[in-house]
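> First to last, the sequence lines map onto chains A and B. The first sequence lines up with residues 0 to 461 when you count with numbering that gives the first Met the number 0. The second sequence lines up with residues 0 to 428 when you count with numbering that gives the first Met the number 0.
Hint data in this document are derived by calculation from the structure and do not stem from the laboratory. Quick reminder that beta carbons are idealized off the backbone N, C-alpha and C, glycines included. Hints may contain errors.
To give a feel for the contact side, a few chain B residues facing chain A, derived at Cβ under 8 Å [what the hints assert, rightly or not]:
#1 Val384
#2 Leu386
#3 Leu406
Straight-line C-alpha distance at most 25 Å; calculated SDA-like pairs for lysine to any residue [stated by the list, open to error]:
#4 Lys306/B with Pro340/A
#5 Lys137/B with Asp67/B
#6 Lys306/B with Arg164/A
#7 Lys371/B with Pro340/A
#8 Lys306/B with Gly318/B
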Amino acid sequence: MPHFALLVALAALAVLGYWVGKQRSLQLVGGGRGIRKLHSLPAYYGFLTALWCALPALLIMAVWLLLQDTIISSLVLSKLPVALRGQNAGELGLLTNDIRNIVLGNIPAAAARPEVLVAAQDYRRLQGIADLALSGLVLAAGLAGLAWVRSRINPALRARNSVERIIELLLLGCSMIAVFVTLGIVLSVLYESLRFFHAVSLDQFLLGLQWSPQTALRADQVGSSGAFGAVPLFLGTVMISGIAMLVAVPVGLFSAIYLAEYANRKFRASVKPVLEILAGIPTVVYGFFAALTVGPFLRHTGELVGLKVASESALAAGLVMGIMIIPFISSLADDMITAVPQSLRDGAYALGATRSETIRQVVLRAALPGIVGGVLLAISRAIGETMIVVMAAGLAANMTANPLEAVTTVTVQIVTLLTGDQEFDSPKTLAAFALGLVLFVVTLILNVVALKVVRKYREQYE
Amino acid sequence: MNRSIAETRARVERSLKRRRWAERRFQAYGLGAVLLGVGFVAIMFSSLISQGWSAFRQAYVTLEVFYDPEIIDPDGTRKPEDLAIADYAALIRNSLKAKFPGVEGRAATKQLAGLVSGSAAQELQRRVVATPSLIGQKQTLVVLTSDTVDQLLKGRIDRTLEEENRTISDQQIRWADQWVRDGQLSLRFNQRFFTNGDSREPEQAGVWGAIVGSIYTLGVTLLLSFPIGIAAAIYLEEFARRNRWTDLIEVNINNLAAVPSIVFGLLGLAMFLNFFGMPRSAPLVGGLVLTLLTLPTIIIASRAALKAVPPSIREAALGMGASRIQTVMHHVLPMAMPGMLTGTIIGMARALGETAPLLMIGMVAFIVDVPKGLTDPATVLPVQVFLWAGSPERAFLERTSAAILVLLAFLVLMNATAVVLRNRFERRW
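When you get a sec, could you build the whole thing from the sequences and use the hints?
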């Protein structure tokens with residue numbers, strides 16, 4: 000771990016910087032007695048030195064490490080014999096992996112071809128040089144920062160203000176990460192999707208009725224047969240999410256009503272956490288439950304009444320997904336119902352309405368926008384849910400309206416396309432990114448609308 | 000229009016019965032929905048526990064093994080490399096044949112050897128290499144049986160089925176029953192489940208590799224998301240002026256919290272693996288992806304914690320001449336810290352259960368070794384559950400449930416910590 004050692008060294012340098020800065024400031028005013036002449040407390044001069052010592056060096060190190068492997072790989076590859084280099088991108092990638100694995104010692108060197116072995120040695124040599132250069136550069140940057148600040152320290156230097164400005168900038172940087180993540184998602188998914196749409200046209204993808212990505216491996220079928228029609232996936236997703244919402248909305252809403260309006264405090268305090276357990280269970284557990292308990296149960300029940308139920312039926316996945324979403328809806332609806340002012344209820348009671356009439360005709364109507372927002376959020380979650388459908392829904396893209404048959408969903412296809420072999424220029428893997436883009440856009444729209452509705456509703460009663 | 004009071008009254012009274020009935024029905028729907036939810040929890044937990052409990056015990060058989068010098072070291076060299084490659088499975092076979100005499104022929108011997116796990120031979124090898132003086136002696140050993148014997152002993156194999164429909168033959172059942180009668184076969188605490196990595200053989204598979212992988216991955220996540228999340232929350236809550244930029248950041252964070260987790264996996268695959276060339280299946284990359292995933296949760300919780308600190312604290316500090324940074328660092332942050340920690344733990348609990356994005360970055364590979372570093376190939380607990388759930392062997396079913404129980408135990412622990420933290424340090428103003 001040379002990088003870890005470098006970090007430790009840098010940290011030590013920063014501590015040294017703190018001490019140097021602090022001592023320098025004290026020394027300038029003649030020790031602790033002259034502290035009044037300093038603009039800031041001595042510790043701030045120390046912090047300023049330490050920050051200037053560590054931050055630029057850290058930045059250099061981060062950028063260097065991010066680019067190091069890519070640059071070294073391309074350097075090594077450019078030195079390979081032409082016969083080895085002239086392959087397509089996929090094989091070149093494999094070769095790079097081989098070289099790296101030899102360097103890391105993951106595969107025995109004896110098993111490799113001589114050219115690859117030479118390349119691996121070259122790689123190791125370059126890596127050694129790079130590590131050495133990095134260590135030198137980082138420590139030099141640290142020392143330079145230290146020396147520069149030390150030379151600038153004088154009693155009038157506004158050290159506290161500088162330190163605080165740096166901290167504030169760091170805080171701003173951290174909050175910008177959220178924006179960068181969104182940008183990263185959009186750019187990476189969009190870029191790969193555009194590559195996909197070079198091979199398969201957009202309307203073929205969005206309107207095509209046939210989905211069979213496997214056949215694309217055959218040379219005569221790439222991007223030609225319309226095998227990337229995603230409509231069956233969209234329909235499957237809609238069906239499973241629809242079943243989930245049919246379970247979750249009534250159960251979640253009625254439990255919220257009961258807990259908020261009828262239940263006494265003791266009942267509420269003991270039952271609400273139990274319902275919230277459902278929200279804390281990992282989705283892979285739901286998937287296991289759906290695939291190995293609910294699925295077979297539905298099939299046996301179907302056999303008893305003479306119905307043919309597929310073992311990976313949309314019904315099983317949808318039911319279990321509905322269970323997963325119950326606490327989501329019930330807690331949101333609970334918030335919305337308790338936010339309705341008591342005066343509205345009192346008014347309804349005064350007119351002679353019963354409790355249920357009040358709830359149905361006054362409370363629910365007042366809370367409706369908020370509840371709709373919550374349901375929209377729940378739908379977005381159902382669409383994006385992955386593990387339950389990966390484990391309990393089918394793989395084959397069927398166009399069917401029968402919930403007892405197996406259907407597949409967008410998320411299932413993303414997972415199946417991207418686990419296993421990875422060939423990054425085939426439409427098969429790129430299709431996953433196109434599906435991801437659709438998923439991202441749809442859920443984004445749902446979320447934006449839902450959050451707006453919920454916020455507006457909250458403001459109304461605040 | 001001018002109905003008399005009596006008429007109205009009669010109408011209302013006639014409708015009362017229906018309205019009261021509707022009231023009762025409505026309330027019953029509510030109660031039913033609540034009970035349905037609670038019932039789901041009960042069904043899930045009881046099915047998980049009843050399926051998974053047995054995996055914590057495993058069938059072991061006591062064998063009398065003769066360390067035959069003819070098999071281990073026919074040349075008598077006692078060289079460690081010769082000892083390491085000897086045919087230890089033959090020792091097991093001989094021991095079994097001594098117990099059940101009259102077994103002849105390849106098929107029958109193979110059936111007999113199938114009663115004992117492949118790990119038994121490895122165990123013998125380990126012992127002999129460690130103490131070569133064992134050669135030529137007899138020893139009574141407790142070794143793992145194969146998963147089929149284990150399942151038979153736990154009553155999970157239906158003896159009434161036709162032989163072809165079972166994974167264990169009639170003859171093997173007779174042998175196993177003989178062992179039981181002789182007191183050689185018994186269920187013991189399944190220590191390997193907690194100390195081994197994954198394996199293709201159910202009886203040797205354990206969760207330790209996945210637990211270590213989860214610890215590494217969550218370690219990276221915690222180290223990155225806690226400071227970054229808190230810093231972002233402080234900026235947005237305490238420093239940011241309200242303008243278009245901060246609005247954009249806010250909307251972004253709220254939306255990111257609701258983006259499907261698998262999209263983060265796509266981001267990790269395209270950016271960290273393909274663009275930056277980071278290693279596949281590594282806890283480092285998994286941790287990075289989970290950091291992006293949990294950041295919004297932590298930021299939102301931390302902002303709520305900062306909001307809960309009353310403005311009078313800030314005003315007092317500012318009034319005493321503290322700068323804004325000093326106000327935050329010395330007064331607001333310490334008071335908001337319990338709330339922030341609670342939010343972080345809940346975010347970590349969510350990250351621990353997250354599976355889908357890790358499938359995208361290759362943490363779904365079959366890995367036997369326990370990872371030793373952040374860049375070693377690794378898997379995590381929920382992915383281990385996913386892998387085992389897809390295995391056809393009956394014995395993996397109980398192991399999947401048991402792994403889920405382990406996962407849930409960790410989650411309960413984390414959430415309980417969060418609750419305790421909240422109850423202990425939460426201040427009401």
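> Does each hint fit the structure? Answer for all of them.
Now for the hints, and whether the structure bears them out:
1. With a cut of 8 Å, the hint placing Val384/B at the interface with chain A holds, because the nearest CB-to-CB distance is about 5 Å.
2. Checking Leu386/B against chain A: minimum C-beta separation of about 10 Å lies over 8 Å; hint violated.
3. A distance limit of 8 Å between C-beta atoms decides the matter here; for Leu406/B the minimum to chain A is near 7 Å, and the interface restraint holds.
4. The suggested pairing of Lys306/B with Pro340/A holds, with an alpha-carbon distance near 24 Å, which does not exceed 25 Å.
5. Among the hinted pairs, Lys137/B with Asp67/B is consistent with the structure: their alpha-carbon atoms are about 9 Å apart, no more than 25 Å.
6. Distance restraint check for Lys306/B and Arg164/A: the Cα-Cα separation of roughly 23 Å lies within the 25 Å cut-off, and the hinted pair is therefore satisfied.
7. Distance check on the hinted pair: Lys371/B and Pro340/A sit about 57 Å apart at the alpha-carbon level, beyond 25 Å; violated.
8. Restraint check: the Cα-Cα separation between Lys306/B and Gly318/B comes to about 20 Å, which is no more than 25 Å; the hinted pair holds.
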